[in-house]
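Order-wise, the sequence lines are chains A and B.
Under this note's numbering, the first residue of the first sequence is numbered 238, with each subsequent residue one higher.
Under this note's numbering, the first residue of the second sequence is numbered 588, with each subsequent residue one higher.
Just so you know, the hints here were simulated from the structure itself, not pulled from any lab data.
A portion of the hints provided could be inaccurate.
To be verified - Covered stretches of chain A, as calculated for chain B (at least 3 residues, CB under 8 angstroms):
#1 326-332
#2 395-408
#3 478-490
#4 495-502
Unchecked claim - Beyond 12 angstroms from chain B on every Cβ pair, some chain A residues (computed):
#5 W318
#6 P414
#7 W596
Unchecked claim - Pairs of lysine to aspartate or glutamate, EDC-like flavour, derived with a Cα cap of 16 angstroms:
#8 A:K447 / A:E669
#9 A:K637 / B:D781
#10 B:K845 / B:D779
#11 A:K637 / B:D779
#12 B:K622 / B:D781
#13 B:K849 / B:D779
Cβ coordinates follow ideal geometry from the N, Cα and C atoms, glycine included.
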Amino acid sequence: MDSALFVHRLHFAFTATFHYLFPQLTMGLALLIVVLKTIGLRRNDLVYHEAASFWGRIFGINFVLGVVTGIPMEFQFGTNWSIFSRFAGGVIGQTLAMEGMFAFFLESAFLGLFLYGEKRLSPKAHWLSAVAVFVGSWLSGYFIIATDAFMQHPVGYFTAADGSLQLASFWDFVLNPWAEWQYAHNMGGAAITGAFIMASVGAFYLLSGKWTAHAHIFVKAGVIAGCLFSILQIFPTGDGQGKMVTDLQPVTLAAMEGLFQGQSGAPLVIIGQPDQQQRTIDNPLEVPKMLSILTYRRWNANVRGLDSFPKQDWPGNIPLLYYSYHIMVGLGTFFVAVMVIALLLLWRGRLFNAKWMLWILMLAAPFPYIANTAGWMTAELGRQPWLVYGLMRTEAGYSKLVSAGNGMFTLLGFMGIYMVLGILGLFLLWREIEHGPVAGHASASNLHPVADAR
Amino acid sequence: MASLWFWIVAAMVATYVVLDGFDLGAGAIYLVAAKTNDERRRVLRAIGPVWDGNEVWLLATGGTLYFAFPQLYASSFSGFYLPLTIVLWLLILRGIGIEFRVHIENPVWQDFFDVVFSVSSILLAVFFGAALGNVVRGVPLDATGYFFEPLWTTFKLSSRTGILDWYTMLIGGLALVTLAAHGSYYIALKTDEDLGRRARGFALLCWPLQFFLTFSALVASYFIRPEIMTNYGKHPVGMLIPIVVVTSLAVMLWANPKGKEKLAFAASSLYISFMLVGAAFALYPVVLSARNHRYDLTIYNTAAGSHGLRVGFVWWTLAAVLAIAYFVFVYRMFRGKVRFGEGHY
Numbered sequence: 238m239d240s241a242l243f244v245h246r247l248h249f250a251f252t253a254t255f256h257y258l259f260p261q262l263t264m265g266l267a268l269l270i271v272v273l274k275t276i277g278l279r280r281n282d283l284v285y286h287e288a289a290s291f292w293g294r295i296f297g298i299n300f301v302l303g304v305v306t307g308i309p310m311e312f313q314f315g316t317n318w319s320i321f322s323r324f325a326g327g328v329i330g331q332t333l334a335m336e337g338m339f340a341f342f343l344e345s346a347f348l349g350l351f352l353y354g355e356k357r358l359s360p361k362a363h364w365l366s367a368v369a370v371f372v373g374s375w376l377s378g379y380f381i382i383a384t385d386a387f388m389q390h391p392v393g394y395f396t397a398a399d400g401s402l403q404l405a406s407f408w409d410f411v412l413n414p415w416a417e418w419q420y421a422h423n424m425g426g427a428a429i430t431g432a433f434i435m436a437s438v439g440a441f442y443l444l445s446g447k448w449t450a451h452a453h454i455f456v457k458a459g460v461i462a463g464c465l466f467s468i469l470q471i472f473p474t475g476d477g478q479g480k481m482v483t484d485l486q487p488v489t490l491a492a493m494e495g496l497f498q499g500q501s502g503a504p505l506v507i508i509g510q511p512d513q514q515q516r517t518i519d520n521p522l523e524v525p526k527m528l529s530i531l532t533y534r535r536w537n538a539n540v541r542g543l544d545s546f547p548k549q550d551w552p553g554n555i556p557l558l559y560y561s562y563h564i565m566v567g568l569g570t571f572f573v574a575v576m577v578i579a580l581l582l583l584w585r586g587r588l589f590n591a592k593w594m595l596w597i598l599m600l601a602a603p604f605p606y607i608a609n610t611a612g613w614m615t616a617e618l619g620r621q622p623w624l625v626y627g628l629m630r631t632e633a634g635y636s637k638l639v640s641a642g643n644g645m646f647t648l649l650g651f652m653g654i655y656m657v658l659g660i661l662g663l664f665l666l667w668r669e670i671e672h673g674p675v676a677g678h679a680s681a682s683n684l685h686p687v688a689d690a691r
Numbered sequence: 588m589a590s591l592w593f594w595i596v597a598a599m600v601a602t603y604v605v606l607d608g609f610d611l612g613a614g615a616i617y618l619v620a621a622k623t624n625d626e627r628r629r630v631l632r633a634i635g636p637v638w639d640g641n642e643v644w645l646l647a648t649g650g651t652l653y654f655a656f657p658q659l660y661a662s663s664f665s666g667f668y669l670p671l672t673i674v675l676w677l678l679i680l681r682g683i684g685i686e687f688r689v690h691i692e693n694p695v696w697q698d699f700f701d702v703v704f705s706v707s708s709i710l711l712a713v714f715f716g717a718a719l720g721n722v723v724r725g726v727p728l729d730a731t732g733y734f735f736e737p738l739w740t741t742f743k744l745s746s747r748t749g750i751l752d753w754y755t756m757l758i759g760g761l762a763l764v765t766l767a768a769h770g771s772y773y774i775a776l777k778t779d780e781d782l783g784r785r786a787r788g789f790a791l792l793c794w795p796l797q798f799f800l801t802f803s804a805l806v807a808s809y810f811i812r813p814e815i816m817t818n819y820g821k822h823p824v825g826m827l828i829p830i831v832v833v834t835s836l837a838v839m840l841w842a843n844p845k846g847k848e849k850l851a852f853a854a855s856s857l858y859i860s861f862m863l864v865g866a867a868f869a870l871y872p873v874v875l876s877a878r879n880h881r882y883d884l885t886i887y888n889t890a891a892g893s894h895g896l897r898v899g900f901v902w903w904t905l906a907a908v909l910a911i912a913y914f915v916f917v918y919r920m921f922r923g924k925v926r927f928g929e930g931h932y
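The shape of chain A in the complex, shown without the other chains:
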């Protein structure tokens, strides 16, 4: 608990986890807002426009929280992980700089226009600003994923004379196959968050008997997008990501699945607690031979277990990695089940009256956040004990001159500030939802009396 390594790891883990609660909704909603605005523009339908504006306001609050918690992320590479930054900066500096130069400028410039420029812009120009915000936020996602992919599976680099990594091939680095699968899987996760939140608010309005016309749009858009992306999340993106791990990080696969002993015809553990001392899974509920099928597409394929690898190369926290992975997969399966049933009801025209399903949709809102967080924990805990896979170990990368005491000071500071941000954010989002999708902003009504008094 008091080692500098632990403090620096927790520092990044905490700030990154908290930060990512916001961008996943930003990216998911950006897509759905573009869809709503496009329909509104094509059908010239006021309700769709109001729906888009309402989600724009939710987006705005969420975006601010994403921005202010995101700034520390870019700086923490240098502040807390300076040895790593010096080691890998010649390569990953590219994508981090590109994120600022390409994505953030685009996103920030057009966000102002999208949120505050509706009166000054033509409907088409306003639609275009929504598209620009969407493109900016999804580009930003790619640059971050490409950076992480280099840490997971370094490509396109060479080792310079001073031991640092330098760029050898820009395209190999940027089009890292790991990045492509991870990006597809990650953005699917963001779209799922957006879809579930939209459906959840719609279900809440329907159950409260308010804003029914808007609520129908929210539920419909949320369920269609939610169903599509939940299925894509399992196949092909989750499957593709899994194949990557199988081929390139086999020890991680073994730890994720809790496979202590390698075997042919390996079973897939659905539930059970890994016992690292005895090297077994307690209370296992297994599907026989399933892991072999999923990894190598053969019933009797041999899957290497943790026993095939030296213990020093095992991920440091196997139980947490195992649970993160299983929570992600479990929730992903649940999402498909919920959304497929909801879509069937929608198709039969019964969803808006199916109270039980609306309750499920409403209460499901937190789960995509948990699944996305668990997914990132799987990726990052699975990468351990490496900071850059096979090239630099995590304990070698932190800032050696920043003591545990100084690290804990700033960690506690961030925890305090983020707690306040979280409470304020929830409070403001709730006010916005309670105020509803019609008649503009809660405070907009107060703008006019001043003008009239003039």
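Fit chain B to the known structure of chain A by using the hints.
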């Protein structure tokens, strides 16, 4: 190639300070210059659509610095660990100060976020100035290329320096006054009536202080680090920089009372850019000076590999052209004086 990137990063820093400088400055004078709720709202409306974009220049500069000079990024960010983290906290507080105030029409809620916004803006200006002061004064780098500075030690220039000492606080003070004036010129440009008049008056008050601190800072810098004159001696064309600085100071003094708001703001922008360019010119090729000059970080021992720098130049140029296009577009959309009853804030 490394020299080119030195000047690109310097230009990005200057752009950041000119752009985010006016909204930081607006924050610094906010509580004094804008008295009523309506006036405060107009200040927020003047900076609201652009502050986030301006702040992106800080992120983009940080990213570009990391990409072009990874060793400098690693050393300086970990060495300035505490002040940088405090800057991050202030940026967070300032962001929510601007954005959350509008959501609830209640004087207690608004007063709270007004103070959060203004105090964090003031402290940010001081910290940015102190950071520049540290770069010029030198930090305790050793042979490993790393250092760690506490926030303060004895406030004197000793071998065990802190982030804050009399010199860096002098530069911090200069930064605060400069940005407060810069913000005043911007508010004068964007608003009218009492608010615009008060902003002009505030800028007038700042001017003698800015003049005095500019010269004190230059003298003190020379006293602390005489080497800063070497480049000026070698390349006399550099003497144009102080001439531009003095001229722009004079233009500010002349243009402001005459109501030439655009000219005053332009002069202030020029002053800021050339003060920073002057500092970069004086330091080149050093990017972070050490108390012991043997350990100075220069562009040569901190730059990324040459292939990466060349590739980066291609996409950086493309991205910079796009970014400038967005900025021109957004500023045109929100041009003119801020009136009542329009916009979000």
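Is the nearest Cβ of chain B still more than 12 angstroms from the Cβ of W318 of chain A?
violated (8 angstroms)
Is the claim that W596 of chain A lies outside the interface with chain B correct, judged by CB distances over 12 angstroms?
Holds, since 29 angstroms exceeds 12 angstroms.
Are K637 of chain A and D781 of chain B close enough, with their CA atoms no more than 16 angstroms apart?
Judged against 16 angstroms, a Cα distance of about 54 angstroms means the pair is violated.
Keeping to a limit of 16 angstroms between CA atoms, is the pair of K845 of chain B and D779 of chain B held or broken?
Distance ~14 angstroms between K845 of chain B and D779 of chain B Cα, so the pair holds.
Pairwise hint evaluation, E669 of chain A against K447 of chain A, where the allowed Cα distance is 16 angstroms at most:
Measuring from Cα to Cα gives roughly 14 angstroms; hence the hint holds.
Given coverage of the segment 326-332 of chain A by chain B, tested with a Cβ cutoff of 8 angstroms and a minimum of 3 residues:
holds (count 5)
Check the hint pairing K849 of chain B with D779 of chain B against an upper bound of 16 angstroms on the C-alpha distance.
holds (13 angstroms)
For P414 of chain A, is the shortest CB-to-CB distance to chain B above 12 angstroms, so the non-interface label stands?
It holds; P414 of chain A is separated from chain B by about 20 angstroms at its closest Cβ, greater than 12 angstroms.
Is K622 of chain B close enough to D781 of chain B, meaning Cα to Cα at most 16 angstroms?
holds (10 angstroms)
So is the segment 395-408 of chain A in contact with chain B by the C-beta rule, three or more residues under 8 angstroms, or is the coverage claim wrong?
It holds: at least three residues are needed, and the segment 395-408 of chain A offers 6 whose Cβ sits within less than 8 angstroms of chain B.
Taking 16 angstroms as the top limit, are the C-alpha atoms of K637 of chain A and D779 of chain B close enough?
violated (53 angstroms)
Can the segment 478-490 of chain A be counted as covered by chain B under the rule of three residues or more with Cβ-Cβ separation shorter than 8 angstroms?
With 0 residues closer than 8 angstroms to chain B, the segment 478-490 of chain A misses the three-residue bar; violated.
Checked against the numbered hints listed earlier, the structure breaks hints 3, 4, 5, 9 and 11; every other hint is satisfied.
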